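So the sequences go chain by chain: A and B.
According to the working numbering, the stretch in the first sequence is residues 105 to 343, in order.
According to the working numbering, the stretch in the second sequence is residues 1066 to 1400, in order.
FYI, nobody ran anything at the bench for these hints, they're computed from the structure.
Every value quoted in this text rests on a predicted model; they were computed, and no experiment measured them.
Glycine residues also receive a C-beta, built at the ideal position from the N, C-alpha and C atoms.
Be careful, since some hints might not be right.
[Said to hold, decoys possible] Here are some of the chain B residues that sit facing chain A, going by a computed Cβ distance under 7 Å: (1) Ala1263; (2) Glu1266; (3) Asp1269; (4) Ala1273; (5) Ile1315; (6) Ile1319.
[Claimed, not checked] Restraint ranges, calculated between C-beta atoms of paired labels, are given here: (7) A/Thr273 / B/Trp1391: 38 to 44 Å; (8) A/Met289 / B/Trp1154: 50 to 56 Å; (9) B/Phe1178 / A/Ser115: 20 to 26 Å; (10) B/Gly1393 / A/Thr241: 43 to 49 Å; (11) B/Ile1364 / A/Ser239: 57 to 63 Å.
For reference, the chains in residue letters:
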Amino acid sequence: MLLEVDRICKSFSGLRALEDVSFGVPEGSIVGLIGPNGAGKTTCFDVIAGVTRADGGEVRFAGTRIDGWRPDQVCRAGIGRTFQLVKPFAGLSVMENVIVGALNACASVREAKVKAKGIIEELGLASKGDAMAASLTLPERKRLEVARALATGPRLLMLDEVMAGLRPTETDQMVALLRELNARMGLTILLIEHVMRAVMALSRALIVLHHGHVIATGTPAEVTLNPAVLDCYLGEEAV
Amino acid sequence: MIAFLTDGVPRRGLRLLAGLLVALLALPLAAGDYLITVLIGVFYFAYVGQAWNIMMGFAGQLSLGHALYVGLGAYASAALYVHFGVSPWLGLWAAMASSAAAGAAIGFLAFRFGVAGVYFAILTIAFAEFARIGFDHWSWLGGSAGLFLPVANYTGNDILALRGSPTMFYYAMLTLTAGAFLLCHALLRSRIGYAWLAIRESPDAAQALGIDVFRCKMAAVMLSAAMTSLGGVLFAFYYNNLFPEQIFHISRSIELILGPIIGGIGTLVGPIVGALLLSALAEALSEIMRALGVDLPGIKQVFYGLSLLLVVMFLPDGVWPALSRWLGRGRRGQG
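The task is simple: from the sequences and hints, build the whole structure.
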C-alpha cells in the first residue's frame, strides 16, 4: 500500500466527522472516495494532507507515518492535492502558478519553467499561460488546480472534486488525461468525486463514506450493488 | 549574468534605466547642492521603500513599523562610532544584525501564533513604539536629548568614517538604491521570490505546494529589516543627529511606505517612481506656494494630501503599472 489510513477519528466540537476510518490506496491504482455531502470526504483529505490534525489514528505514506506533518512536508513527501474550493494565485499568471508547484520537484527555476510549460500543455492551458489566474473560468481554474498539484511531482495525487462544473466533453478529457498519467508514470490517484461518469470510468476501487464511517469498499461494480450504498447515496435508480 | 538580470525586462525599459543611471552618475558634476540634497532624499525613500516592498509587495505582510529598523540601524552604527570609534562599515553589520533580530522576533511571534493581516500590522507598530519609548530613556544613547555624531569640518571625504560632503552621500545612497533594485529583481526570479508571491496570493495553496510558509515569511521580514537598517545607517551619518521621538515615530513608518504605495506595491520600479514623484510634488508645491506668496501654515500638507488622494483614487495599483502599460503600448505601436 502506498497510502494507509488507519482508524483515523476527527471531531469538530461534538460533530464526529470521521470515526475509525481505515482504507488503503495501492501503488499505481486509482481509487475513488465517494459519499453524500457531509460524509467526511474532504475532512479525510485534509487529515492526509496535514491541514487538519486527526484526534486519533495513523496515516502512513510509503511506510512512513505522516500524521501530524505540516502540509508542505506532506507535499514534499510526495502527495499533491487540489482544493475543492479552488485556491489559485489570482495575481499571478497561469504559468507562474504552475512554476510555483514545479519548484517543489525541480532544482532550479529554469528547470521548473520547462516542467511547468509541459504540464500546462498537457492540461490544455497553453493558450492561457500568460493570462492572470484571476481571469480564468471555473473549469479552467479546476484544471489549474490539477496542473499545479501535478507539477509538484507527486507519487500520490489527491483530487477533490476536480470534475465538478466541467462539461461532459471536458470531463472525458480530464478522465483521459488522468488515465494516461496513471498508465504512463504509474501515478497513484485518490479522488473525491460526485460526477459518477468520471468515478466509474476511472476508479479501480471505491471507498464509500457515510456519516464519517466507511460503509463499503470494493470495485465499482461491487459497490454499486451494495444495498447500504444504494440506500444512502446512489439511490435505487442507479442500478 | 547579464541575460539573467535583463530577463523579462522590455528593451525600451532597459535603455531607459541605463540612460537614467548614467545621467544620475554624472549629475553631481553639473547640479548644485540643493538638487543633490533633494535627490539624496529621493534615493533614501526609494531604497527603504524597496526594502519594505519585499515584505508587503512580495510576501504580502503589511508592516507599519519600519521606522523601527531605520532607527535600530541608525542607533547601532552611530553608537558604535560615537562611543568606540567603530567605522560605519563595521557598524552596518551590527545594524543589520540587530534589525534582522528584531524582525525575527516580530515575525516569530506573529507567524507562530497566527497573528495576520491588520493584527500583524498593529504588532509592527507596537514594536516601533516600544523602541521609541525605550530609546527615549536610554541615557547611554542620549535618551530624549538625542545622540549626536561629531561634525568636523572635513576638507575631503573620509569614506571610511562616512564623514564628508553631500556628494559622497549622494553616491552612497545611489549605490544602495541601485543595489536594492538589482537584488529585488534577482529575488523575484528566484525560488524564494516565487514562494513569496505564492504566499501573498494564498498561504494555504502555497503550503499545499510544498512551501514552508513560516520560513519564507521569516526570511522576508528579516531581509526587509536588515536592508531597511542600512538606510538608517546612512541616515545617521548624513544628518548627524538622532532623536528617538523622531526616528522611531509612526509618521516615519508611514512616510516610508508612501513611495511604494504611490509607485506600485509589489513592482520593482514602483518604489523608485513613487519616491521621485513624492519628492518632486513636495518641492513643486513649495515653489508654487512661494511664487504665489501663500504663507498659510499647513497649506502645503493639504495639497500634498489631496494629490495622494487623487493618485490612489485614479491609479489604485500605483503609477508604475499604468506607466509601464503605456510604455508597452508605445513599443507595440512602433512595430
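Status of each hint after checking the structure:
1. For alanine 1263 of chain B, the shortest C-beta to C-beta distance to chain A is roughly 5 Å, which falls under 7 Å, so the interface hint holds.
2. Nearest Cβ of chain A to the Cβ of glutamate 1266 of chain B: about 4 Å, under the 7 Å cut. The hint holds.
3. Of the supplied interface hints, the one on aspartate 1269 of chain B holds, with its beta-carbon coming within about 6 Å of a beta-carbon of chain A, less than 7 Å.
4. The interface hint given for alanine 1273 of chain B holds, since its Cβ lies 5 Å from the closest Cβ of chain A, which is under the 7 Å cut-off.
5. The interface hint given for isoleucine 1315 of chain B is violated, since its Cβ lies 29 Å from the closest Cβ of chain A, which is over the 7 Å cut-off.
6. At its closest, the beta carbon of isoleucine 1319 of chain B sits 24 Å from a beta carbon of chain A; the interface hint therefore is violated under the 7 Å criterion.
7. At about 41 Å, the beta-carbon gap between threonine 273 of chain A and tryptophan 1391 of chain B stays in the expected band of 38 to 44 Å.
8. Range check, methionine 289 of chain A to tryptophan 1154 of chain B: Cβ separation about 54 Å, and the 50 to 56 Å hint holds.
9. Separated by about 24 Å at the C-beta atoms, phenylalanine 1178 of chain B and serine 115 of chain A satisfy the suggested range of 20 to 26 Å.
10. Restraint check, glycine 1393 of chain B to threonine 241 of chain A: a C-beta distance of roughly 26 Å breaks the suggested window 43 to 49 Å.
11. A C-beta distance of roughly 44 Å is found between isoleucine 1364 of chain B and serine 239 of chain A, which places it outside the suggested range of 57 to 63 Å.
The structure is inconsistent with the numbered hints 5, 6, 10 and 11, although it conforms to all the rest.
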